[in-house]
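Each chain, letter by letter, is given below.
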Amino acid sequence: MALIELLEEKIVKIPLVSFDKEGIIRELVDVLSQAGKVDDPDALFQAVMSREKLGSTGLEDGFAVPHGKTSGVKDLAIAIGIAPQGVNFESADGEPSKLFFLIAAPPDKAGPHIEALAEIAKLSRSKALCTALIQAKTPGEVVSLLRGD
Amino acid sequence: MKKPIERMMVYDDGSEGSILAARLAIVLAAEFDAELHALSVLNTRALSELVQAHIFIESEQEEYRRELAEDGARYLNHAVEMGKRKGVTVIKQNASGSISAAIKEKVAELHIDLLVMGPPPRIRSRRDALYDEVEMAMRTVDCSVLIARDEERIEELYEQLI
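Chains A and B, in that order, are what the protein sequence lines are. Take 0 as the starting number for the first sequence in numbering that gives the first Met the number 0 and just add one per residue. Take 0 as the starting number for the second sequence in numbering that gives the first Met the number 0 and just add one per residue.
Bear in mind the hints are in silico, worked out from the structure with no lab data behind them. Hints should not be assumed to be uniformly reliable.
[Unchecked claim] Taking lysine-lysine pairs in the DSBU-like style, the calculated list, with each CA pair at most 30 Å apart, reads: (1) A:K126 x A:K9; (2) B:K2 x B:K103; (3) B:K85 x A:K108; (4) B:K91 x B:K105; (5) A:K73 x A:K52; (6) A:K108 x B:K105; (7) A:K9 x A:K121; (8) B:K105 x B:K1; (9) B:K83 x B:K105; (10) B:K83 x A:K108; (11) B:K91 x B:K1; (12) B:K91 x B:K103; (13) A:K126 x A:K52; (14) A:K121 x A:K52; (15) A:K121 x B:K103; (16) A:K73 x B:K91; (17) A:K126 x A:K136; (18) B:K2 x A:K108; (19) A:K121 x B:K105; (20) B:K105 x B:K2; (21) A:K108 x B:K91; (22) A:K121 x A:K136; (23) A:K136 x A:K9; (24) B:K1 x B:K103.
[As the list claims (entries may be wrong)] A few chain A residues that don't get close to chain B, going by computed Cβ distances all over 12 Å: (25) I13; (26) P14; (27) E21; (28) G35; (29) Q45; (30) E59; (31) S70; (32) D107; (33) A115; (34) Q134.
[What the hints assert, rightly or not] On the chain A side, residues computed to face chain B include the following (Cβ under 8 Å): (35) L53; (36) G54; (37) T56; (38) A91; (39) G110; (40) A120.
On a predicted model such as this, the values are computed, not experimentally measured, just so you know. Glycine is no exception: its CB is placed at the ideal position from the N, C-alpha and C atoms.
Whenever a hint applies, use it, and build me the whole structure from the sequences.
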């Protein structure tokens, strides 16, 4: 499944206001919940936090990709958030994380989950795009940038 | 005289589009008395990229590899069952690596002369076109390619087969 097919303004939150990992993940889960993408927000939150305990999904250059599998979602779902203040996400380069892609996948959709994460991994290699995303002021701007408009 | 289609292959990723493609391929295989292969690709390239990008940890990679292999086996069994119902033998094929490269290699290895695929995802941006592996396979494979569309008609053709 193309990442682009999951993109819509209602799954983007700017700004994320939390100052710690747990708060950021909770905010992103709430975004999905309010967008009607998740049946059991608590199960999703627990799944993502459990995955974080195995190793942080904070990458380099302010980018983080928390993810989890749970039967609390029926289909693959994604939430995007920007925290201009920067948050300690135990990232690979030790720098604060500002751009977050949370991926929620049902347990029986390994293929689409991998494809979405792989697309995000490719996006993360473009520093120019990540910088532009972090500076975005509105959900519309984020969607536009990711669509390559 | 050569038959118009001797060996066909359908790419099966379990999506609705690929199930539709499998049905069309079964109809054509029956019509042209062609050999029909169904291919599932374990996308190990994506898994490796996710480990390299530090999005996946090693144990996660193994878990997903197992799940992808199980999913692939299930999809192929479904294609075989669909063929069996219509008296068409569907030969299972497995590959791993990048989807586009694996399709291209199997087409060459099996001397496939028609590849049948579900419709590629709707391209809504330039970035999308660059990243879509199915689209890339469609553009680079060395045989004719048939894209299955018109679900109603294909279902009708499939149901008509005895």
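Status of the hints after comparison with the structure:
1. A:K126 x A:K9: holds, 25 Å
2. B:K2 x B:K103: Holds - the C-alpha atoms of K103 of chain B and K2 of chain B are around 22 Å apart, at most 30 Å.
3. B:K85 x A:K108: Holds. K85 of chain B to K108 of chain A sits at ~29 Å (cutoff 30 Å).
4. B:K91 x B:K105: holds, 12 Å
5. A:K73 x A:K52: holds, 24 Å
6. A:K108 x B:K105: holds, 25 Å
7. A:K9 x A:K121: Holds: K9 of chain A and K121 of chain A sit about 23 Å apart, inside 30 Å.
8. B:K105 x B:K1: With a Cα-Cα distance of about 21 Å, the restraint between K105 of chain B and K1 of chain B holds, given a limit of 30 Å.
9. B:K83 x B:K105: Judged against 30 Å, a Cα distance of about 23 Å means the pair holds.
10. B:K83 x A:K108: holds, 26 Å
11. B:K91 x B:K1: holds, 25 Å
12. B:K91 x B:K103: Holds, at about 16 Å.
13. A:K126 x A:K52: This hinted pair holds, its Cα atoms lying about 27 Å apart.
14. A:K121 x A:K52: holds, 24 Å
15. A:K121 x B:K103: Within the cut-off at roughly 22 Å; holds.
16. A:K73 x B:K91: holds, 29 Å
17. A:K126 x A:K136: Measuring from Cα to Cα gives roughly 18 Å; hence the hint holds.
18. B:K2 x A:K108: violated, 39 Å
19. A:K121 x B:K105: holds, 26 Å
20. B:K105 x B:K2: Roughly 21 Å separates the two Cα atoms, so the pair holds.
21. A:K108 x B:K91: Given pair K108 of chain A, K91 of chain B holds - Cα atoms ~21 Å apart, limit 30 Å.
22. A:K121 x A:K136: Status holds; Cα separation ~23 Å.
23. A:K136 x A:K9: holds, 14 Å
24. B:K1 x B:K103: At roughly 23 Å apart (the allowed maximum being 30 Å), K103 of chain B and K1 of chain B satisfy the hint.
25. I13: holds, 21 Å
26. P14: holds, 23 Å
27. E21: holds, 20 Å
28. G35: holds, 22 Å
29. Q45: Label holds. Min Cβ-Cβ 17 Å, cutoff 12 Å.
30. E59: Check fails; 8 Å does not lie beyond 12 Å.
31. S70: Its Cβ never comes within 12 Å of chain B, the nearest being 14 Å, so this holds.
32. D107: violated, 8 Å
33. A115: At roughly 10 Å from the nearest Cβ of chain B, A115 of chain A sits no farther out than 12 Å, so the non-interface label is violated.
34. Q134: Q134 of chain A is indeed farther than 12 Å from all Cβ atoms of chain B, at 18 Å.
35. L53: holds, 6 Å
36. G54: Check passed: Cβ of G54 of chain A comes within 5 Å of chain B, closer than 8 Å.
37. T56: holds, 6 Å
38. A91: holds, 5 Å
39. G110: holds, 6 Å
40. A120: holds, 4 Å
In this structure, the hints that do not hold are numbers 18, 30, 32, 33, in rising order.
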